[in-house]
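When we follow my numbering, the leftmost residue of the sequence shown carries the number 1, and every step to the right adds one.
Hints may be right or wrong, so weigh each one.
Label pairs and their calculated CB-CB ranges [what the hints assert, rightly or not]: (1) T23 to L205: 47 to 53 Å; (2) V121 to R188: 22 to 28 Å; (3) L205 to T11: 50 to 56 Å; (4) G39 to G96: 22 to 28 Å; (5) V201 to F130: 17 to 23 Å; (6) G179 to L205: 22 to 28 Å; (7) P210 to L36: 51 to 57 Å; (8) E35 to Q202: 45 to 51 Å.
Just so you know, the hints here were simulated from the structure itself, not pulled from any lab data. Ideal placement from N, C-alpha and C gives every residue a C-beta, glycine not left out.
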Amino acid sequence: MFTGIVQGTATLSSIEARDGMRTLTLAFPEGFCDELTLGASVSVDGVCLTVTQLISPTAASFDVILQSLNVTTLGGFGVGAKVNVERAAKDGAEIGGHPLSGHIDFSTEILSVRTSDTNRVLRIAIPEAFRKYVFAKGYIAINGASLTVSEVNRQEGWFEVWLIPETRRMTTFEEKAAGTRVNIEIERSTQVVVDTVREAVQESLGRLQPVLEALLREKGLSLDDFVGVPRLPAGNEAAADAAAQREKR
1 MFTGIVQGTA
11 TLSSIEARDG
21 MRTLTLAFPE
31 GFCDELTLGA
41 SVSVDGVCLT
51 VTQLISPTAA
61 SFDVILQSLN
71 VTTLGGFGVG
81 AKVNVERAAK
91 DGAEIGGHPL
101 SGHIDFSTEI
111 LSVRTSDTNR
121 VLRIAIPEAF
131 RKYVFAKGYI
141 AINGASLTVS
151 EVNRQEGWFE
161 VWLIPETRRM
171 TTFEEKAAGT
181 RVNIEIERST
191 QVVVDTVREA
201 VQESLGRLQP
211 VLEALLREKG
221 LSLDDFVGVP
231 RLPAGNEAAA
241 DAAAQREKR
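Working from the sequences, and respecting the hints, build out all of it.
Structure (structure tokens):
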């Protein structure tokens, strides 16, 4: 598991193409590899990878299978590319963002970038199958960073996040431009609630559901507009509020 708080950026120093996979070697910031062991998990642009070789005190290699290369942006990287990295969370670690599995749901395109002296706003495309899981003020992971959705338009298929200066400093987002592809992991508890509610609606409405959906479309709405973001357990709300303020970008 990861927390979604990026710990730094690494540079892809070599790529070895093998049958059905690639071995990526990354050069990490000083201290990142302290106590890193074979078999340990590292989030690389949001993708959970396993350490297969320790090259030096600041470098390690990872085997990436064909499925991961196809689903994520890792297949398009070249030597010199920079990526967001995070070590796996230890038991009892503070969750400054939100829990991430490192299993990417889809890669998608940055539609536009707006920049000011203090903020940077990314508008990102959402494939139709995943639009129902994205809510304003909800969490989403982009290249392994836990971010808060500021605005979403399901009809047009996009959402926006705001990046504060600290996030811009610690991640690769400052280098991203319109047309760049990024890895997305949706927030799991939101997915569970949305899918559960939709199943309950389908069971309750039966053959009336297509009629209701048609009526809602005429008003520019959908059933997904009536599904709220799940509340966190009471004990986590204060931490979540603080994290949302810190991570609202």
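- request: Would you list, in rising numerical order, the hints stated earlier that this structure does not obey?
  value: 6
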